Amino acid sequence: MGKVTNLFLCGVGGQGILLASEVISSACRKAGYDIKQSEVHGMAQRGGSVVAHLRFGEKVYSPLIEPGGADIVLSFELLEALRYLPYMHRDTRVIVNTQKILPAPVATGMDTYPPDVIDQLTQRGISVFPLDAFAIAKAAGETRAVNMVLVGALAALLTFDENIFLEVISERMPEKIRQKNISAFLKGKEALQDLLTGSLQTQERG
Amino acid sequence: MKNKHNIGDNVLLSGNEAIARGAFEAGVKVASAYPGTPSTEILENLCSYAGVYAEWAPNEKVALEVALGASFAGARALATMKHVGLNVAADPLFTAAYTGVKGGLVIVTADDPEMHSSQNEQDNRNYAYAAKVPMLEPSDASEAKEFLKTAFRISEEFDTPVLVRTTTRVAHVKGMVSLDSSEVSSATLGIEKMPEKFVMLPAHARKRRVELEKRLARLREFAETFPGNRIEWADNKRGFITSGVSYLYVKEAFPEASVLKLGMAYPFADRLIKKFASQVQDLFVVEELDPFIENHVRALGLACHGKDLVPAVGELNSYAVRKSITGEVAADLFAPVPIPLRPPNLCAGCPHRGIFHAIAKLKVFVAGDIGCYTLAALKPLSSMDSCVCMGASIGTAFGMEKALGKDALGKIIAVIGDSTFMHSGITGLIDVVYNRGFSTVVILDNRTTGMTGHQPNPSTGVTLCGDEGAAIDIEALCRAIGVKHVVTIDPHQHGDAEKVLRQEIERPEPSVIITKAPCALLPEIKKKKDVQRYTVQRKKCTGCRSCLKIGCPAIEWVPLTPEEAAQMGYKKTQKGHSSINPVICIGCGQCVPLCKFDAIVASGAGNG
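For the record, the sequence lines run as chains W and X.
In terms of the working numbering, the first sequence is residues 1 to 206.
In terms of the working numbering, the second sequence is residues 207 to 814.
Okay, chain W solo, but in the shape it has when bound (with noise of 0.2 Å):
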């Protein structure tokens, strides 16, 4: 518990970062830790790049995470992950969602969407674990719970209590869509499991 852990969080404004984040202050809360959550809010939400810095431990002093210095990358967007990148260090662990948002330039054809986001990240001998979180909401039956699914794919990297997540979830979720949350967080944790499982087994084999 002493050493701090640094999650940083980025995706595109009305993703739902703001709300993943505070459910996984929550539960940091709940496991005992000291937390500073960081966000910015204002201009950054209209269709922008938005981060959040999520940092617990022991004593946690500076709500922000320094360059290289992310443990774990949530990215809610697939070009948001390299847009970070100088936040990143070899042994950071990218949990990225393929979802593309294609940031205006692209969208009115000025520039192009990046083919290899993710290969660009694992030449630098990154840990990428990519998901379909879209894909994931959509089969749990909310499509707007892409944030649980990230959560779920999160928790399966961390080392505490799945039950404290699906506590905070239960709280924060109104009736109505609260079940089909909790299976968007169980099925990206499973998504995430099962990739960990995969690069285990690619060890393994090479």
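The set of hints was computed from the structure by calculation and includes no laboratory data.
Note that the structure is predicted; figures quoted are calculated from it, not measured.
Among the hints, erroneous ones may be present.
Below, a list of computed lysine to any residue pairs in the SDA-like style, where the Cα atoms sit at most 20 Å apart [unchecked claim]:
#	chain 1	residue 1	chain 2	residue 2
1	X	Lys585	W	Gly13
2	X	Lys722	X	Asp696
3	X	Lys745	X	Ser785
4	X	Lys755	W	Met110
5	X	Lys781	W	Pro105
6	X	Lys755	W	Thr112
7	X	Lys733	W	Gly16
8	X	Lys585	W	Met110
9	X	Lys781	W	Pro114
10	W	Lys30	X	Lys733
11	W	Lys176	X	Lys529
12	X	Lys734	W	Ile118
13	X	Lys732	W	Glu142
14	X	Lys733	W	Gly13
15	X	Lys529	W	Gly68
16	X	Lys722	X	Gln709
17	X	Lys732	W	Leu166
18	W	Lys59	X	Asp215
19	W	Lys30	X	Gly214
Guided by the hints, dock chain X onto chain W, whose structure is given.
This is chain X only, laid out in the frame that chain W set:
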């Protein structure tokens, strides 16, 4: 009471939520503000506490005056604003320092280093010095809550308004806060006439001026023993004097160093500073923006490092602090890779988009203002040519007109939002009418204060805490000011908008065009069922890109190779076609008239 937390709970709160809680625990009775990032959530949260009257004022000056009046009546009162809001409220602030208070009066200024959502990066600690009022500066949410209560006690004990300064990384950072019960003000409610204290005519003000200096001297003594100013002794090789969020960066970067943390940004605890300086080998002052502490430390005759090493521009972080002090650069950092930018954009279905598309065709100088619509300055709309501060559009347009004379007719237009017009656009319009101008003013009435997160305003008639009532009628107001030509249009109909704009800019008299349509993010639009969305009929699209010119996030360009073009039945030279993303489209229909080939049709009417 809507707030569900209990006394003794240890909860996760943002700095702004903690400030609201602190104000509640301090027994605040009246709170007034104008929304502004990063301060907005304070008053929004205060609404959830029983026994507090909280309101949106039309601007920060009024907000501070309301709070001051409540203080005159013996209530603890709060005014909150973003840093530039204090410029607007500076007039009452400087003289409130003379009158002093009856009930405690606290003003929160939320600064925005790095300009995440602001037009400048001013350091409002300078206001404490200039107005001669004490300022507290919390580092995190927990301290913010405590400092609010302390600020009210200082205000009543020293008979002074008290400033509390946060920055984005205090206001919008969540941390653990433990909740206490609320306390009671030492002041009594009631009307009390004290002209020598409250009527600042010169004879009285001269006496209060002397009092002001005496008060500052007493506050300097208070600062020496104020527990918020504290030394954390450790290794004495490096000693850091710091405040606010910079303290957290210093602790993170130099956990082994001694630190003097100044919870009171002004006035300074001189003896404490000298004592600290005398016991460390190298003294560093770490602060964001201006060398506010550093200049004072140097004035005390103490040698120190400060802005010679630490950046004065933008916000800091622990890495920037470590690097600037030690010169060590982290090895193996990944360099950023060039990828497409993702600038913020007007939302799909935004009523502002159409009017700016129409304005762009006029090729006029657009004097703009503060709000979501400032984004119209960006490509592809590129239809804003100046933006300075709240309400400046009308005055600057009028000034250009007076400088250019008759040549300006038909060449300049002022554009301002509904909430911004209420804030400080009205007086500009009065100037145009009074001084025989011919300015054309477009008031973008989207029925809310969009950029800061959809706060109601006087022209919506809904109050901060949700009471619905009389709304200020913008059209009637403009007429009452003396504008004879006031026309209200639907901005989703660009053809009409362009016609009206062309007609009004040529008019040699003041005119106002109100574009009225609700913000696309308001629940009444978002929750609309059976929305008729639009799609591009592929066969008809010629790839002319006309529909891309409004920069709607729902309209996407699909590039094609000559082979792909041929396969799709296009000419080989066609570089691509447009497509409407059905998830993003909200069916505003603004794009339909842009297509000369009638390729944009209601969904279901052709192949999508």
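* **Unmet hints by their number, sorted upward, for this structure** => 10, 11, 12 and 17
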